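Q: One line per chain: the protein sequences are A, B and C, in this order. So the first sequence is numbered by our numbering: it starts at 1 and just counts up by one. So the second sequence is numbered by our numbering: it starts at 1 and just counts up by one. So the third sequence is numbered by our numbering: it starts at 1 and just counts up by one.
Mixed in with the good hints, there may be bad ones.
Unchecked claim - In silico lysine-lysine, PhoX-like type, Cα no more than 20 Å apart, as pairs:
hint: 1; chain 1: B; residue 1: Lys-33; chain 2: C; residue 2: Lys-403
hint: 2; chain 1: A; residue 1: Lys-95; chain 2: A; residue 2: Lys-54
hint: 3; chain 1: C; residue 1: Lys-484; chain 2: C; residue 2: Lys-474
hint: 4; chain 1: B; residue 1: Lys-388; chain 2: B; residue 2: Lys-553
hint: 5; chain 1: B; residue 1: Lys-164; chain 2: C; residue 2: Lys-474
hint: 6; chain 1: C; residue 1: Lys-30; chain 2: C; residue 2: Lys-122
Said to hold, decoys possible - Here are some of the chain C residues that sit facing chain B, going by a computed Cβ distance under 8 Å:
hint: 7; residue: Ala-327
hint: 8; residue: Gly-420
hint: 9; residue: Phe-429
hint: 10; residue: Thr-436
hint: 11; residue: Ile-450
hint: 12; residue: Cys-451
hint: 13; residue: Ile-495
hint: 14; residue: Pro-512
hint: 15; residue: Ser-513
Just so you know, these hints were derived from the structure itself, not from any lab. Just so you know, these numbers come straight off a predicted model, no measurement behind them. Cβ coordinates follow ideal geometry from the N, Cα and C atoms, glycine included.
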Amino acid sequence: MIPLAHFMLVSAILFCIGLYAVLAKKNAIMILIGIEFMLNAAILNFVAFSKHDKIALGGQVFALFAIVLAAATVAVTLAIILNVYKYYRTIDPTKIDQLRD
Amino acid sequence: METLTQGNLSLLAALTALLPLITFLGITLIPGKQGRGAYFSIFNISVSLLLSAFLFFKIWNRNIVHEQLSWFTIGGTEFTAGILLNNLSVLMLVLVSLISLLVHIYSTMYMLGDPYLHRYWAYLGLFCFAMLGLVIIDNLLIVYMFWELVGFSSYLLIGFWFTKEAATQASKKAFIVNRLGDLGFLTGIMIVFSTFRTLDINLLFGEEGLVAQTVGSGIAPGAWLTIAGLAFFLAATAKSAQFPLHTWLPDAMEGPTSVSSLIHAATMVAAGVFLLARIYPIFDPTVLVVIASIGAFTAFMAATIALTQNDIKRILAFSTISQLGFMMIAMGVGAYGAGIFHLVTHAFFKCLLFLAAGAVIHEMAHFRAKTEADFDHQDIRNMGGLRKAMPLTFITMILASLALSGIPFTSGFLSKDAILIQSFEWADSQGGWVKLIPYSALLTSLLTAFYIFRLIFKTFFGEFRLKGQFSDKVIIHEAPAAMKYVMVVLAVFCLFLGFSFHPLSYEGSWILQGLPQQAIKHASVFDYHTFIPVIVNVLAILMIALAYKWYVKSKQAPDLSSNPVFLFLNRQWFFDDIYQRLFVNGTTKLASRAFLFDKKVVDGLVNLIANIGIVLSKISDWLDRYVVDGLIHAVASMAKTIGNFARNFQTGRLQHYLLTMVLVVLCFFIIKLFFPAI
Amino acid sequence: MSLLSLLIFLPLAAGLLILVLPYAWQQRYKYVALAAVGIQVIMSAFIYLNFDGNAFSGIDAKSKYQLVEQVSWINLQLGRLGSLQIDYFLGIDGLSMPFLVLSSVVMFIAVLSSWEIKTNLKGYFALLMLLNTAIMGVFCALDFFLFYIFYELMLLPLYFLIGMWGGARREYAAIKFFLYTLFGSVFMLLVIIGLYFSVQDPITGNHTFNMLHMMNPDNYIPGSIFSALAEQQIFGIPARLLGFIVLFIAFAIKVPIVPLHTWLPDAHVEAPTPVSIILAGILLKIGGYGILRICMSIFPDAAIDSAWWLGLIGVVSIIYGALNALAQNDLKRMIAYSSVSHMGFVLLGIASITAEGISGAMLQMISHGFLSTMLFFLVGVIYNRVHSRYIHDFRGLALIMPKYTTFIMIAFFASLGLPGFSAFIAEAFSLIGAFTSESVNGLLPRWMAICGSIGILLSAAYLLWTLQRMFFGKTRLMGGEDWKSKLTDVNGREIFVLTSLTVFALLLGILPSLAFDKMNASVLELIRLVNLK
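In isolation and in its complexed conformation, chain A is listed as follows (with noise of 0.2 Å):
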């Protein structure tokens, strides 16, 4: 049996790896990679406590209405990624910045 810290550790060194994605990368398909890391590294908890719930299983019902979600999210964002490479000529988000003003 594999304790439950084994896998909030690894949940949360993937997260952990997510975020810095997120917030270093200089590519938005990458950040978009990092985003999908932290979601599933949330999935994990989902899973992990599931065991908890042995009746209803709500961890894993969750985890699978996240990947659904996940699933949608990156629809979503990969065509706003395009929208954006089409008007910027970039997917840099450095280099995108008119929230400034």
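Since the structure of chain A is already known, use the hints to place chains B and C on it.
A: For chains B and C alone, kept in the frame of chain A given last:
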């Protein structure tokens, strides 16, 4: 004649005084050609003379006429203006108008051809008005007004030839010196008013007047009354040219000679003596001694100066000062009547002397104009031998000189003896140093005889000194008719008959009988009434003889011109120089100092305050700019810095925002972890 | 509108009319002004003739004022402080009525002498009319606040009149004049406020600016700052004395007294002739009037305490002013200093607190009003022709300008106190008053009067010296033949002005009752009030 009430008489008196004013106003206000007004003014002054003669006969030795009108009211005091006619005023009225008329007539010829003649008549009119008004008015304040008006019109007359520098200087000097006297008058008025609350002469100085009561009882502030007496006397010294305010009179000779004669004879200088007579009761014994000694000193001083002068008018001017000194002695010794008596007789013979001198000057000026020579036509050293050319002038002038010297059978003998004898009697009753006064008067009268005959001999005897120098012919004739007859009339008045039927005794004179007498009847060791006239006359005749010997016989008087005493006298005891240096220069220097003070200190202080204000404002400007404003700027720049700093956070980059969010959440967790209570 | 309001605001209306008239009519502005002032002269003559000097003695009782107008003007409820009540309160008595006549005549002459002004006529006449309004207002106002408004209102037009139409150093003179006067009046405002809080209206119980209430000791609130009974002190000085001193200084600057006089020569010399005339003819009198109407009446106790000092200042001004006049080369400056000297008599007369002294001072103010007007007008005549006023530049003017010389002799002799002219009676009675003071109320020692009379002597010295230097002797002018042709004798307008002024001076000199009868009762009333303490 009962219809002539008091009111009518005073109206007549007012008219007498106003007629010359009408002359003045008529000539000045009605435009016309230059030189107009001679007949108008002569007519007016003759009417004045007739009126005053009438008044004289109505009032002399009869009742006093006193009429008043309310003038104005200040506080509770009503000031009245009125006319007070007594023996003294009517006598003066006649004297002034008579002499004025004669001078008017004389002037028609003397001033002939002057381009500003109309002004001359106008000024004469104003002068006569002032003098006539002075003698009839009853209120001290108005007396003072006329008193100054006399000074003003004399200013105009002395400076009549206003393009002549010396004339304008002299007129200014006359006015300012008289002003000094006026201050005395004003002080006197102030004292009298604050003591008695009235300025009515009759009320104050009448027989039972306030002053008489006070001086007798000794209740009132005696010291102040003495000061008042001195103050009034100061006024009189200025007008009557007494030491120390006599210096204006010789300078006043710059005016036309006819004017000099009027000023010297009956009007201006007489005003001082008249004033003393009018307010006589105010003088207490102390003041009287002062008056007598000043009079004696002035008489002596002026006579010594007259000895050494060469200008014919100046000699006469100093003679006037000297004779006025005699009148002052008379006033001082209580011989009030004798003083006025001498005033009257002196008026005639001095007027005559001046007019005769004027005739001589007139002719000399003509001579100078014809020969186009350059010499001083008033210098007696340039004259001589004129008795042949101008016999009438000569005779009348001799008569006047005899009267001036006090030789018997002349009017001057009577009045001068009256003064001398009474002063001796007074001195006997006083004792002490005042005994010098009569002796000095005696000495002065001897000097008088000498200097006046020096003038006569130099002018009329010997040979004409300029003969052959400019022209061989002596083209000098007798004066024109108008001038001649005036001199004759005046000459008649130099004789004793006009004043007394007894040629040798002054007591019989009608003038003295009409005026108050000296109070002292001293039983003296000597019989002055016999001795004095004899001594005076013998000595006087000796002096005349000496003058004759020096100036006619030997034609060579002892040369004294290097003698320091001579110089001292010739320069008029240096009074002018001392005054010039002490007072005139002193005042101008003080004035310029005051102005310097005003400019440097007072205004300097103001400017200093202003400058301090400017410096302060500069400082506060600096403070404002650098401290107060600096603080504001500091706050502003701090806000700016903070803003700039905060601005850095807004990069527009999503990742930065995200990082921030993460950090914030992390912080939140950390805080929550360590401080669970929050 | 009653007579006094009409008198005050008529020139203001004329000034507004001038402002709206088109520039093309520039040359007619002066006639508008002249008409307004002419009507004022007629009105003031009417007031003079109908003034009953005995019944309307004025001073501290409203019923004894003539032509009274009292309208509530500002009425503010200030809650706990009570209500602020300022009245539009006008009236005249024997002290102020003569000044109305004087002011209107002097203004008339000032307008007549404004013919010389050539630039910016619209502004000039508008300001002149504003000044006129303020002057009339000062003499009529009986509410202290109203008085102060008019008093300050005078400053503004004068500042511009000197500063814009003046001579070479006009800015300096204008600023100096302005600051001097402002210095006085600012502190005056403090005293006014102090008085306001000390006095209450006996009927309404409100604080009041009414001068007549201020004169009555009963109206003072017990314990208030200026209450006589409370004997409050400020900086160790009794408050009432301090109040008196402050008010006195404010007015004394106007008079002016030595040593607060140095604005006067500068302002006079730099100001254009009409403004000099107004300054000397009216402005100086406001000082004297203020001392009588306000200082003496409101602070009688302090007035008596400081009479000795007032007299001393008067004597010093007389002699010091005369000495300074003697040292001047500029004719206008000389006359300015002679004003200082002549106004010294006013102060001396006032300080005596005797009927003779105060009447003499009043007459001296009126007489000096006419005579200084005449003198400045005469200086203006000669300055207009050749633009020089230096005594040394002229000599023997009598030969080329005989009529002018006649007038200047009249003016000079009148102002040196020749009998027959008003100044004589005025100065004589100022001095007599000062002299009698010792025996009547013991305020002034006698030497003051005697020292003051030296001023008469000095005035003769400087005036005659000037006369001799400028007018007598052979003609010699700085500008040679050019000047000789420019120095034409006086023309008709000038003769009219000078003759009328001569007539005024002569009338008052020969018949002083014309003035004394109108003010005698007021003077007595004032003395009674002062002696009441």
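Q: Now, for every hint given, state plainly whether the structure supports it.
A: Tested hints:
no.: 1; hint: B:Lys-33 / C:Lys-403; verdict: 15 Å, holds
no.: 2; hint: A:Lys-95 / A:Lys-54; verdict: 49 Å, violated
no.: 3; hint: C:Lys-484 / C:Lys-474; verdict: 13 Å, holds
no.: 4; hint: B:Lys-388 / B:Lys-553; verdict: 18 Å, holds
no.: 5; hint: B:Lys-164 / C:Lys-474; verdict: 8 Å, holds
no.: 6; hint: C:Lys-30 / C:Lys-122; verdict: 9 Å, holds
no.: 7; hint: Ala-327; verdict: 4 Å, holds
no.: 8; hint: Gly-420; verdict: 7 Å, holds
no.: 9; hint: Phe-429; verdict: 7 Å, holds
no.: 10; hint: Thr-436; verdict: 4 Å, holds
no.: 11; hint: Ile-450; verdict: 6 Å, holds
no.: 12; hint: Cys-451; verdict: 10 Å, violated
no.: 13; hint: Ile-495; verdict: 12 Å, violated
no.: 14; hint: Pro-512; verdict: 5 Å, holds
no.: 15; hint: Ser-513; verdict: 4 Å, holds
In this structure, the hints that do not hold are numbers 2, 12 and 13, in rising order.
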